[in-house]
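**Student:** Each protein sequence line maps, in turn, to chains A and B. Numbering (the working numbering) for the first sequence: 1 to 113. Numbering (the working numbering) for the second sequence: 1 to 126.
Treat the hints as calculated values from the structure; they're not laboratory data. A quick note: this is a predicted structure, and the numbers were derived from the prediction, not measured. Hints may be right or wrong, so weigh each one.
[What the hints assert, rightly or not] The list that follows gives simulated cross-link-like pairs (lysine-lysine, DSS-like), each with its CA atoms no further than 27 Å apart:
(1) B:K76 x B:K65
(2) A:K45 x A:K24
(3) A:K22 x B:K43
(4) B:K43 x A:K109
(5) A:K113 x A:K51
(6) A:K109 x A:K45
(7) A:K36 x A:K51
(8) A:K45 x B:K43
(9) A:K24 x B:K76
(10) A:K113 x B:K43
(11) A:K113 x A:K22
(12) A:K36 x A:K24
(13) B:K76 x A:K51
(14) A:K113 x A:K36
(15) A:K22 x A:K45
(16) A:K51 x A:K109
(17) A:K113 x A:K45
(18) A:K51 x A:K22
(19) A:K24 x A:K51
(20) A:K51 x B:K43
(21) A:K109 x A:K22
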Amino acid sequence: DIVMTQSPDSLAVSLGERATIKCKSSQSVLYSSNNKNSLAWYQQKPGQPPKLLIYWASTREFGVPDRFSGSGSGTDFTLTISSLQAEDVAVYYCQQYYSTLYTFGQGTKLEIK
Amino acid sequence: EVQLLESGGGLVQPGGSLRLSCAASGFSFSDFAMSWVRQAPGKGLEWVSAISAGDANTYYADSVKGRFTISRDNSKSTLYLQMNTLRPDDTAVYYCAREGGYCSSSNCYRGYFDYWGQGTLVTVSS
Numbered sequence: 001d002i003v004m005t006q007s008p009d010s011l012a013v014s015l016g017e018r019a020t021i022k023c024k025s026s027q028s029v030l031y032s033s034n035n036k037n038s039l040a041w042y043q044q045k046p047g048q049p050p051k052l053l054i055y056w057a058s059t060r061e062f063g064v065p066d067r068f069s070g071s072g073s074g075t076d077f078t079l080t081i082s083s084l085q086a087e088d089v090a091v092y093y094c095q096q097y098y099s100t101l102y103t104f105g106q107g108t109k110l111e112i113k
Numbered sequence: 001e002v003q004l005l006e007s008g009g010g011l012v013q014p015g016g017s018l019r020l021s022c023a024a025s026g027f028s029f030s031d032f033a034m035s036w037v038r039q040a041p042g043k044g045l046e047w048v049s050a051i052s053a054g055d056a057n058t059y060y061a062d063s064v065k066g067r068f069t070i071s072r073d074n075s076k077s078t079l080y081l082q083m084n085t086l087r088p089d090d091t092a093v094y095y096c097a098r099e100g101g102y103c104s105s106s107n108c109y110r111g112y113f114d115y116w117g118q119g120t121l122v123t124v125s126s
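With the hints as extra help, turn the sequences into a complete structure.
**Tutor:** Right, dumping it as structure tokens:
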């Protein structure tokens with residue numbers, strides 16, 4: 001199975017500041033056939049199901065604010081929130097879908113400093 | 001509007017069985033692969049099982065292989081998860097999720113989850 005490791009486990013950022021979450025996969029998730037990285041990011045708030053933010057490592061889902069961006073390739077990926085808002089407090093997960101045995105990172109809890 | 005509504009959760013004793021259902025609406029159910037994802041209390045997300053759009057292919061996490069069976073009824077737009085030989089560590093909220101992606105002329109690329117249900121709680125305890 002592909003192991004996904006996020007860092008840090010928790011993060012406190014001031015309102016308006018940048019938040020950066022890392023995700024590393026145990027093997028490359030880059031499809032050579034379409035040159036896309038099979039990596040998604042989700043946001044989960046308490047008592048709610050996860051919400052898709054980013055797929056193919058950098059494609060923002062419709063309706064997601066443009067302060068959210070994804071980058072990276074191969075095994076190393078980053079989710080960036082350019083200017084943290086109060087409503088961004090949540091747990092964030094990365095997920096690989098290169099292998100059909102899908103796997104998630106352990107989650108990163110984002111709080112306000 | 002895409003909607004996924006899970007049902008069938010509840011309290012079951014260790015070794016027991018339960019069948020979850022996920023009723024889909026607002027999209028052409030038969031065109032999409034579907035998955036079950038679970039979340040133990042206070043823990044992270046764990047993918048459980050997936051089924052292709054045409055029902056031909058099924059996939060399972062090692063933790064449930066041989067105990068759980070995923071199926072679908074495209075005529076009823078419903079996804080199922082039959083769970084047997086349940087263990088306390090199967091206690092979780094179970095979500096059904098639609099797989100997003102696209103198909104080229106030669107291949108289909110999918111596997112991110114673009115829509116999720118609200119989940120149904122399964123508690124395995126004596």
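**Student:** Hint by hint, say whether it matches the structure.
**Tutor:** To see whether the hints hold, each was checked on the structure:
no.	hint	result
1	B:K76 x B:K65	holds (26 Å)
2	A:K45 x A:K24	holds (23 Å)
3	A:K22 x B:K43	holds (19 Å)
4	B:K43 x A:K109	holds (12 Å)
5	A:K113 x A:K51	holds (23 Å)
6	A:K109 x A:K45	holds (10 Å)
7	A:K36 x A:K51	holds (21 Å)
8	A:K45 x B:K43	holds (13 Å)
9	A:K24 x B:K76	violated (39 Å)
10	A:K113 x B:K43	holds (23 Å)
11	A:K113 x A:K22	holds (19 Å)
12	A:K36 x A:K24	holds (16 Å)
13	B:K76 x A:K51	holds (26 Å)
14	A:K113 x A:K36	violated (35 Å)
15	A:K22 x A:K45	holds (19 Å)
16	A:K51 x A:K109	holds (15 Å)
17	A:K113 x A:K45	holds (18 Å)
18	A:K51 x A:K22	holds (18 Å)
19	A:K24 x A:K51	holds (20 Å)
20	A:K51 x B:K43	holds (17 Å)
21	A:K109 x A:K22	holds (12 Å)
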